[in-house]
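K.L.:
Sequence:
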Amino acid sequence: MLSNSGKYGLRACEYLALQSGDTPVSTKRISRELDMPNEYLVKVLQKLKKAGLVRSKRGSNGGVLLARPASEIFLIDIIQASNPSFIEMYTDKGKPDTKLELSALFKDLEFLSDITFKFIKESTLSDFSEYRNIKI
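Mapped onto our numbering, the consecutive letters of the sequence shown carry residue numbers 882 to 1017.
Bear in mind the hints are in silico, worked out from the structure with no lab data behind them.
Mixed in with the good hints there might be a few duds.
In silico DSSO-like pairs for lysine-lysine, Cα to Cα no more than 30 Å straight-line [unchecked claim]:
#	residue 1	residue 2
1	Lys999	Lys928
2	Lys938	Lys999
3	Lys888	Lys909
4	Lys931	Lys999
5	Lys1002	Lys888
6	Lys930	Lys999
7	Lys924	Lys999
8	Lys999	Lys909
9	Lys928	Lys1002
10	Lys909	Lys928
11	Lys888	Lys924
12	Lys938	Lys924
13	Lys938	Lys909
14	Lys1002	Lys924
15	Lys909	Lys924
16	Lys930	Lys909
17	Lys938	Lys1002
18	Lys928	Lys938
19	Lys930	Lys888
20	Lys888	Lys938
21	Lys931	Lys1002
22	Lys999	Lys888
23	Lys888	Lys928
Label-pair restraints from in silico Cβ distances [what the hints assert, rightly or not]:
#	residue 1	residue 2	range
24	Lys999	Arg913	18 to 24 Å
25	Met882	Ser941	18 to 24 Å
26	Leu990	Gly902	37 to 43 Å
27	Arg936	Ser994	20 to 26 Å
28	Pro918	Asp995	29 to 35 Å
None of the values given here were measured: they were computed from a predicted structure.
From the three backbone atoms N, C-alpha and C, an ideal C-beta is built for every residue, glycine too.
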């Protein structure tokens, strides 16, 4: 399951993608408009900045903005930066449980898991927003 960090990372990036190009947005504005705790959002944005997904600008007109166009940022990159344990769940299957692996339910769950991972691996931030009928 996606943690709050992962959800906040996706929501913040989508929000930034909807803003006008090179105009930084303050973290207080983002947290207010998306109803997120500002302190927590700042920590998530720091992770996204370290991953090269957002950049920040200091000063009275400072804030954060996407480091690249939304069409070049993949969901997997946002989630990997903000919620790495979510990605590990898909890439590290761990020690197999043979009884479980033989069950039809496990095969169905694994299939759904593979579809989910494929979606986040291949979808960009702009694809995601388009899917949700949000214009970027």
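K.L.:
For each hint, tell me whether it holds in the structure or not.
P.N.:
Hint check results:
1. Lys999 <-> Lys928: 23 Å, holds
2. Lys938 <-> Lys999: It is violated: about 34 Å lies between the C-alpha atoms, which goes past 30 Å.
3. Lys888 <-> Lys909: Within the cut-off at roughly 17 Å; holds.
4. Lys931 <-> Lys999: Measuring from Cα to Cα gives roughly 24 Å; hence the hint holds.
5. Lys1002 <-> Lys888: OK: Lys1002 and Lys888 at ~16 Å, within 30 Å.
6. Lys930 <-> Lys999: 24 Å, holds
7. Lys924 <-> Lys999: 27 Å, holds
8. Lys999 <-> Lys909: 34 Å, violated
9. Lys928 <-> Lys1002: Holds, at about 19 Å.
10. Lys909 <-> Lys928: Holds, because 17 Å separates the two Cα atoms, which is no more than 30 Å.
11. Lys888 <-> Lys924: 13 Å, holds
12. Lys938 <-> Lys924: This hinted pair holds, its Cα atoms lying about 16 Å apart.
13. Lys938 <-> Lys909: At roughly 14 Å apart (the allowed maximum being 30 Å), Lys909 and Lys938 satisfy the hint.
14. Lys1002 <-> Lys924: 24 Å, holds
15. Lys909 <-> Lys924: With Cα atoms ~13 Å apart, Lys909 and Lys924 stay inside 30 Å; holds.
16. Lys930 <-> Lys909: With Cα atoms ~17 Å apart, Lys930 and Lys909 stay inside 30 Å; holds.
17. Lys938 <-> Lys1002: Holds. Lys938 to Lys1002 sits at ~29 Å (cutoff 30 Å).
18. Lys928 <-> Lys938: Distance ~16 Å between Lys928 and Lys938 Cα, so the pair holds.
19. Lys930 <-> Lys888: 16 Å, holds
20. Lys888 <-> Lys938: Satisfied, since the Cα-Cα distance of roughly 23 Å is no more than 30 Å.
21. Lys931 <-> Lys1002: Within the cut-off at roughly 20 Å; holds.
22. Lys999 <-> Lys888: Roughly 18 Å between the alpha carbons, so the hint for Lys999 and Lys888 holds.
23. Lys888 <-> Lys928: Status holds; Cα separation ~13 Å.
24. Lys999 <-> Arg913: 18 to 24 Å: 35 Å, violated
25. Met882 <-> Ser941: 18 to 24 Å: 39 Å, violated
26. Leu990 <-> Gly902: 37 to 43 Å: Roughly 41 Å apart at Cβ, these two residues keep to the hinted range, so it holds.
27. Arg936 <-> Ser994: 20 to 26 Å: 33 Å, violated
28. Pro918 <-> Asp995: 29 to 35 Å: 34 Å, holds
The structure does not agree with the numbered hints 2, 8, 24, 25, 27 stated previously, though it agrees with the rest.
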